[in-house]
Amino acid sequence: MPGPLLAAALFAPAANRSDLLLRLFASVVLSAVLLMLAHKFLRRRGRRVLIVAVTFLGGLLFTLEYFWPTHLVKGRQVNFLTDWIEPATIALSIIGAFTVGLGVHSLTQVHGRLLLRRRPGWHNSLAFFISMVAMFVLVLWDFSAKAKPSAAGVLPFHNAVYEILFNGIYQPLIAATFSLLAFYIASAAYRAFRIRSAEAALMMAAAFIVMLAQVPLGAWLTHGIPQAGPLGYLGFFRLERLGDWIMKSWNSPAQRGITFGVAVGALAMSLRIWLSLERGTFFSQQPEASVEGNSAGSATES
Amino acid sequence: MASFEHANWLLTLIFLGMSGTIVASILLAQRGRGMFIRRIPGLSAIEEAVGRATEMGRPMYFSPGLGSIDITTLQALSILTHVVRLAATQATRVIVGTADSTLLPVAEESVREAYTSVGRQEMYRPEDVRFVSGDQFAYALGSVGIMSREKAASNFYFGQFFAEALILTENGRALGALQVAGTPDPTQIPFFIATCDYVVIGDEYYAASAYLTREPTLTGSLVGQDIVKAALAALMVLGIAGATLWAGHAPHFLAKFMALLGAH
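So the protein lines, in turn, are chains A and B.
Using my numbering, read the first sequence as starting at 1 and increasing by one per residue.
Using my numbering, read the second sequence as starting at 1 and increasing by one per residue.
The set of hints was computed from the structure by calculation and includes no laboratory data.
One should not assume that every hint holds.
Computed, partial: chain B to chain A, Cβ under 7 Å [to be verified]: (1) N8; (2) G32; (3) L104; (4) P186.
Simulated restraints on C-beta separations [as the list claims (entries may be wrong)]: (5) B:L16 x A:V49: 50 to 58 Å; (6) A:K248 x B:L11: 40 to 48 Å; (7) A:Q77 x B:Q30: 20 to 28 Å; (8) B:Q30 x A:V33: 34 to 42 Å; (9) B:M35 x A:W250: 31 to 39 Å; (10) A:R256 x B:M56: 36 to 44 Å; (11) A:A201 x B:G57: 39 to 47 Å; (12) B:A234 x A:L20: 54 to 62 Å; (13) A:V104 x B:G32: 27 to 35 Å; (14) A:P230 x B:L11: 45 to 53 Å; (15) B:I240 x A:G75: 45 to 53 Å.
Predicted, not measured: the structure shown is a model, and the values here were computed from it.
For every residue, glycine included, the Cβ atom is placed at its ideal position computed from N, Cα and C.
Isolated chain A (complex conformation):
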C-alpha cells in the first residue's frame, strides 16, 4: 500500500549523524522558505483558507484513524492511517516547542519595560531577569557537563549551584505555595457552609455526614446501631453507610451528569472548529459589529 510505504520513507530514523544533520538542515530551510512564501503572497483571505484547510486535514487524520476499521498486524490493531499518527503528534509538539521563545519574549517585554522605566516594583523585574539568566546558564551547564559527586560526596561547582537553586530554593517555594491551600480550603469551606438558605442547609447536612463518615469518630458515634438481626435494616443509618450512600447514589450520578453534558458540549465545539463553522471567533472578525445588541442582557434572553 502506498500509505505505509510513504510513511516509512518519510519517517524512518536517520541512518547516521550526518544523515540526521542533513535532514534537520533541510527541514529548517524548507520550513523557513514555506513560511516566507506564505507571509509574502498570502493575503488575509488566503491565510484563512490555509488555516481552515490545515485544521480540517488535521482533524480528519485523527478522526478517520480512530473510526476506520482495523486489522491485526504484529499484535496491534492498525489501519492505513495509523503510521501517520505518531509523526503528526511529534510535529505538533515541535510547533509547540517553538512557542517557548514567544513566552520568553513576552516576559522580557513586560519586565524589561518596568525595569527601564523604573516603575514601582522594578526590583522584582530585576530579580526575574537574574533568575532567568542564572537558571538558563546553569541548566545548560549542568546538562552538558553532568558529573558524579566525588568520593567525599562533593559535587562540582556548577552542578552544586544548580542543585541549590532548583532543589534547594525553587522546589521548596512551590511546596510552600501548595501548602497554603490547606488554609484557603478552610476559609472557603467556612463561607460555603454558612446556612443562608434551604439548599445551603441541605448541603451543610450532607457535608457533615460525609465528613464524619470518613473519620473513625463517625463510625464510633453510630456503632451501636445494629447491622444484623430483626433490626438490621437500621444499619443503613450508621454514618459510614449513610456517607457512602450519599457519595454513590447522589454525588456520583450528579458528577456523571455534568460529565455527559460537558462531553457533548466538547463534541459540538470540536465539530464547529474542525468544520470551521465557528466563523469570527478565532480567525476573522465577527459578522456583527455591535456588542451591545448581542450582549448577555439583551432582550432576546428569557
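Position chain B against the provided structure of chain A, taking the given hints into account.
Showing chain B alone in chain A's frame:
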C-alpha cells in the same frame, strides 16, 4: 510505534448520530429558524463585572487556566473575545495572563481582533496579554501579583484549573474583586462556587459563546447539543429499564442486534 485505541461500529454509529444532529441543528439555525436559550446567571454576570470595572476605573484580569490549545481553552478564548469587546466599548482595560506559551500568540490575536472588531484597535496594548509562567503555582502567584499590582476590579477564570484555582480565587476575593468563573471540570466547580460571585458550571461552559453572541451557528449548535443530551438520557433510561427487567439475560434478538453493531 505506540498502539492506539479504535472505535467499534456501535461507537461509530453513536458518533455519527450525535455529530449529524448537531450539524443539522446548526444548518437549521443558519437558515433562520428561531431558537430559545434559557438565562444563565453566570454568563449574564460578565456584563456586570465589566460595568463594575468601568465604574471604578480599574482594569480586569482574565485567566484562561493552565490548558494548552485544546477545546476547553479555545472556549475560554471565545469568552475572552466577548469580554474584551464589551470592555473596549467602555474603554476598560483587560489583562490576560497565560500559563502556556503556545496559547500566547493565539490569545494575543484574539484580543487584538476583539479590539479591532469594535473599532478600538488603539486600546490594544501588547503587554496586556502576558505569559506568566508554565509552572502551576508560579502561574497562580504571578497572576495574584498582577491582580494586586494592577488593582483589578473584576476577575474572570475560564478554562482548565487544578489545585491553583483556590489560590487565585481566594486572593482575588481578598483583593475585593468581583469574580466570575467557569470550568467544565467537576472537581474544581465546588472551589469556584465557594469563592466566586458567579460560576458557570458543566455544559453551561460550552454554551457560553452561543449565549453571549447569539450567533445562529452557535445557537444551533447549542440546541443540537441539548437534543443529543436528551437522546443520551433516553438511552440511559432504556438501559436501566432493560437491565432491571432482564437482569443480565437479554432476549436473543437484542443480543444478536448488539453483536451486529460490534458491541462487546
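Measuring from beta carbon to beta carbon, are L16 of chain B and V49 of chain A in 50 to 58 Å?
Check failed, 27 Å falls outside 50 to 58 Å.
Hint G32 of chain B vs chain A: min CB-CB distance below 7 Å?
violated, 14 Å
For the range 39 to 47 Å, tell me whether the beta carbons of A201 of chain A and G57 of chain B fit it or not.
Taking Cβ atoms as reference, A201 of chain A and G57 of chain B lie about 40 Å apart, which means the hint holds.
Answer holds if the nearest beta-carbon of chain A is closer than 7 Å to that of L104 of chain B; otherwise answer violated.
holds, 5 Å
Is the distance from the Cβ of Q30 of chain B to the Cβ of V33 of chain A consistent with 34 to 42 Å?
holds, 39 Å
Are P230 of chain A and L11 of chain B spaced within 45 to 53 Å by their CB atoms?
holds, 50 Å
Satisfaction of the hinted span 31 to 39 Å by the C-beta atoms belonging to M35 of chain B and W250 of chain A:
holds, 33 Å
Status of the P186 of chain B interface restraint (C-beta, 7 Å, chain A)
Check passed: Cβ of P186 of chain B comes within 5 Å of chain A, closer than 7 Å.
How does the Cβ-Cβ distance of A234 of chain B and L20 of chain A compare with 54 to 62 Å: does it lie in that range?
Roughly 56 Å apart at Cβ, these two residues keep to the hinted range, so it holds.
Range first: 45 to 53 Å. Now tell me if the beta carbons of I240 of chain B and G75 of chain A are that far apart.
This hint is violated: roughly 38 Å between Cβ atoms.
Regarding K248 of chain A and L11 of chain B, is the given constraint of 40 to 48 Å on their beta-carbon distance met?
Distance hint for K248 of chain A, L11 of chain B is violated at roughly 27 Å.
Assuming the hint says 20 to 28 Å, is it satisfied by the Cβ distance from Q77 of chain A to Q30 of chain B or not?
Between Q77 of chain A and Q30 of chain B, where Cβ atoms are some 38 Å apart, the hint is violated.
Of the hints listed earlier, those the structure fails to meet are numbers 1, 2, 5, 6, 7, 13 and 15, in rising order.
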